[in-house]
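Number of protein chains: 2
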Amino acid sequence: MLTLLPRVRAGVSRTHPSRLVVRSTPLRAFLSTLPNSISGLLDFTPAEPVENVKIDGYVRSVRAQKHVHFVSLGDGSSLKPLQAVVPVDKAEGLTIGAAVRLNGSWVPSQGRGQSHELHVSQAIVLGPSDAKTFPIQKKYQTAEFLRTLPHLRPRTPFNSTVLRFRSEIIASLTSFFNARQFIQTHTPILTASDCEGAGEVFQVVTEHERTASAAHPAKPFFRRPIYTTVSSQLHLEALSQALGNVWTLSPTFRAEQSDTPRHLSEFYMLEAELSFTDSQSLVMDLVEDMLKYVASDLSDSKVVGELLNPLGDRSPDLASTELVSERWRGLVRDTWPRITYTEAIKLLVTSDIPFTHKPAWGEDLRTEHEKFIAAHVGKGCSPVFVTDYPRDIKPFYMKAAETDSGVSSPGATVECFDLLVPDFCEIAGGSMREHRLQNLVESMRVHGFDPTSSSESHSQASQEPVNNLDWYVDLRRWGCPPHGGFGLGFDRLICYLTGVPTIHDTAAFPRWYGRCDC
Amino acid sequence: MLTLLPRVRAGVSRTHPSRLVVRSTPLRAFLSTLPNSISGLLDFTPAEPVENVKIDGYVRSVRAQKHVHFVSLGDGSSLKPLQAVVPVDKAEGLTIGAAVRLNGSWVPSQGRGQSHELHVSQAIVLGPSDAKTFPIQKKYQTAEFLRTLPHLRPRTPFNSTVLRFRSEIIASLTSFFNARQFIQTHTPILTASDCEGAGEVFQVVTEHERTASAAHPAKPFFRRPIYTTVSSQLHLEALSQALGNVWTLSPTFRAEQSDTPRHLSEFYMLEAELSFTDSQSLVMDLVEDMLKYVASDLSDSKVVGELLNPLGDRSPDLASTELVSERWRGLVRDTWPRITYTEAIKLLVTSDIPFTHKPAWGEDLRTEHEKFIAAHVGKGCSPVFVTDYPRDIKPFYMKAAETDSGVSSPGATVECFDLLVPDFCEIAGGSMREHRLQNLVESMRVHGFDPTSSSESHSQASQEPVNNLDWYVDLRRWGCPPHGGFGLGFDRLICYLTGVPTIHDTAAFPRWYGRCDC
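First to last, the sequence lines map onto chains P and R.
Numbering follows this note's numbering, with no gaps: position 348 of the first sequence is 348.
Numbering follows this note's numbering, with no gaps: position 170 of the second sequence is 1170.
It should be emphasised that the hints constitute simulated quantities derived from the structure, not laboratory data.
It is possible that part of the hints are untrue.
Claimed, not checked - Quick list of in silico lysine to aspartate or glutamate cross-link-like pairs, DMTMM-like style, CA-CA up to 25 Å:
1) Lys-1219(R) / Asp-392(P)
2) Lys-1379(R) / Glu-1402(R)
3) Lys-1219(R) / Asp-130(P)
4) Lys-132(P) / Glu-1442(R)
5) Lys-302(P) / Glu-288(P)
6) Lys-219(P) / Glu-1200(R)
7) Lys-1132(R) / Glu-442(P)
8) Lys-219(P) / Asp-1259(R)
9) Lys-1138(R) / Asp-1194(R)
10) Lys-54(P) / Asp-43(P)
11) Lys-1132(R) / Asp-1089(R)
12) Lys-1080(R) / Asp-1285(R)
13) Lys-1219(R) / Glu-207(P)
14) Lys-1219(R) / Asp-43(P)
15) Lys-54(P) / Asp-1278(R)
16) Lys-1302(R) / Glu-1288(R)
17) Lys-132(P) / Glu-1288(R)
18) Lys-1138(R) / Asp-470(P)
19) Lys-138(P) / Asp-1470(R)
20) Lys-1054(R) / Asp-1089(R)
21) Lys-1054(R) / Glu-256(P)
22) Lys-54(P) / Asp-1285(R)
23) Lys-219(P) / Glu-1343(R)
24) Lys-358(P) / Glu-326(P)
25) Lys-1219(R) / Glu-442(P)
26) Lys-302(P) / Asp-285(P)
27) Lys-90(P) / Asp-1259(R)
28) Lys-219(P) / Glu-1207(R)
29) Lys-1054(R) / Asp-278(P)
30) Lys-358(P) / Glu-426(P)
31) Lys-371(P) / Glu-442(P)
32) Lys-1090(R) / Asp-300(P)
33) Lys-66(P) / Asp-130(P)
34) Lys-1132(R) / Glu-288(P)
35) Lys-219(P) / Glu-1144(R)
36) Lys-1219(R) / Asp-278(P)
37) Lys-1379(R) / Asp-1352(R)
38) Lys-219(P) / Asp-1194(R)
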């Protein structure tokens, strides 16, 4: 299954010794011209049988007949298995779950289902499997059951397809941002800034600190309480003031005791920050361009073809391929509607829907409200931007809107947006950041932070910061241009684009309240 | 500074409604044909002056003369600043650190240093700076001092160049692995597996757990102790059994109280796992191919040109550009030597060097020994693989070598390797993994783990794991083919390729013993 491109051979140019040059190079000797993955082999449809085909994989199922066993083989490269016909005398050890190497002829198939099958002349068991105890069975197993086996679950065909899709979307995003000269950054996981207000945090301690008591105090490892990050945004802002436009795809954490299809304790956020702009439209353009790019870029991918194939073997938990295809089309079709929060409230108030929670200006939008907006404004499948929420329900760092549509009090809204998609509601949010020192300090006061140390005088270089957001306020003291950015729930996006109904099934090893087993 | 490519316009094909098609699209209206970064502008060298050039950036220094101020401007896109000539009456607020937008004519320069300069007709201060208190000054400031200001340090020209290089190497690695059909995975940060033996770990607790006592116990958030990961390897192995060849670039953590140029508490590891192979050579080929690819791919990059420019403005802390260029050439030149640990010990024992620690078979190689091997075998700058170390000084998961060169006891060595580079010594290590159930269990016993629960019978599906490596042993029960992989210290690689002498200066927000300030 090893696919290596020709080895890179490079050396030093004689004419320009400081320049490296790449020489052309022969293929590696072991690089076969035959496909070496099941995905590749299934696409290889010669009219005549081809001898000496070798393929590695895992036995998904065995159907024993008198003279031959029909073995279906998977290797993670395709949702569809390979059909192998193994003479009984060569089938020893080909039990469900076993890792095997099969040699044989690739022969046009008489049966239905696949065009060719492998007539096996040699089968080598590389990793035996005790099939009686193997917990992953071909029969339908609930997503909930499979989640109790995170170390084995990726071997189920659909889960491995979702993980391959995850890999492709990472590569696509990397090329999107790279082509636009956004700098990819590694923002920190451990941070002293706990108080963004984004939710409950995990604290990080050493064994000494954990077992410390008043009688036996421990010297703190980091001199102050340290947490796992809830968002990279504040650090991204610092980096955007140095590097220009920046982005990160980074793990973030919440210690919330929620067990919903939308929440994990550890999840990936895609965050980007645009420098030197006061245009919120531009930030929304970037989100829209990015998702349109990814949808277009991946639309030809084999993995996506498998995910959207209505004839595929699909678990009943998943959204229908028809619905998921419509989501993909909704991403690339037309420009997405943008409405203000105030307009959204008007629509909600004047609708005929008997909402459980009565919509009212100044209250956060509930899921039922977001679903209505996504369906009503997005006409079924287009994402919708809702902008300019009331200041009091949004974080301190958002910039006050200059003008306000529909509400009298200026400054009552902030320049921000949520991106709502059908079914899944919010998958991204962004804002312009308050870049003016005095306005930020004032906003912190309004939001209940104590910026005393920050507002009076700058923190002296090499002096200890007085509170853990001093450094963030500092960014405004010296050359802070207007800027804005967004964060997108990466696992939620994968749910949306694959039809997986819960976020627990998009991560390889999901962690949530009560579950972190390996 | 905003660089956006043409917006993606896509829709649904009429003939193939299930297919997405990308339509051609006009450029965005705001996309200027003039360069919009300082890097781009410095490469733009028209023979005649060009009017209406607009550029955003931060004031690095100001030289005031009677009628004009000479302002040097940086924006993170290039090490070299832009030279702007500003009439005194338009220079108000152009203080060091200020974020400004300059409009003017791009004019062939009379002075030395750069071919053109910006004759400014309008200067807008977008983010003022109190230059008197701005801690980042043009004069030389020690790396140690700058590390006390992690939120401002990326604004120094060299640090921002290192961060841009970090971005480019991520993109290059992504394309290397993507082209070879390796699946990029997000391995978990929070894990129940603390006992790989890789070092001290951080524990992750909620506020309730932290303040719990015998009298007031807290219900654990995750039902068991949870740590930040020290390595993605064990989880990558599980994924390789589902997806084939896999890789990850992921944060890892050590709670060690060390303050050396080679250690951080939070750092990035690049790890890859090859499936269905029993060839350690192939794993080393992959490491070598990868680094040769990256060095060739990036050798034409502007950022690398700046890093290796002997005429550049370089801090005295850094390795010389001559030395660093030699490191780059060493990566791409020839095939790297591979010697066994046993051969290395022979070389060390028979050398004339008076080592502080006497080299002896069975003892780990010390830094002084690695430096000798790198210099002696690598002939100055080629990386060197040292393979087949004694079992007793390596982790439990490594596969016993079948044969042994030079030492009588079979099984005394394991199939593993360290990659040594000049000056920096070990930057990567890898091994074949023990894929056979009984051998792994035996190795765990030898290494002092208690695999009792693991060895007797398989862990029942949906039953609680008995110890926190049961799941790893489980992987061997059902279809574990021979496999191997490696881990590379990503921050160390950046040190090596940039000449930055300490790992603290490659991360944007470095964390180490006592330091995690924002």
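(request) Find the hints from earlier in the document that the structure breaks and name them by number, from lowest to highest. (result) 1, 2, 3, 9, 12, 14, 17, 21, 23, 24, 25, 26, 27, 31, 32, 34, 36
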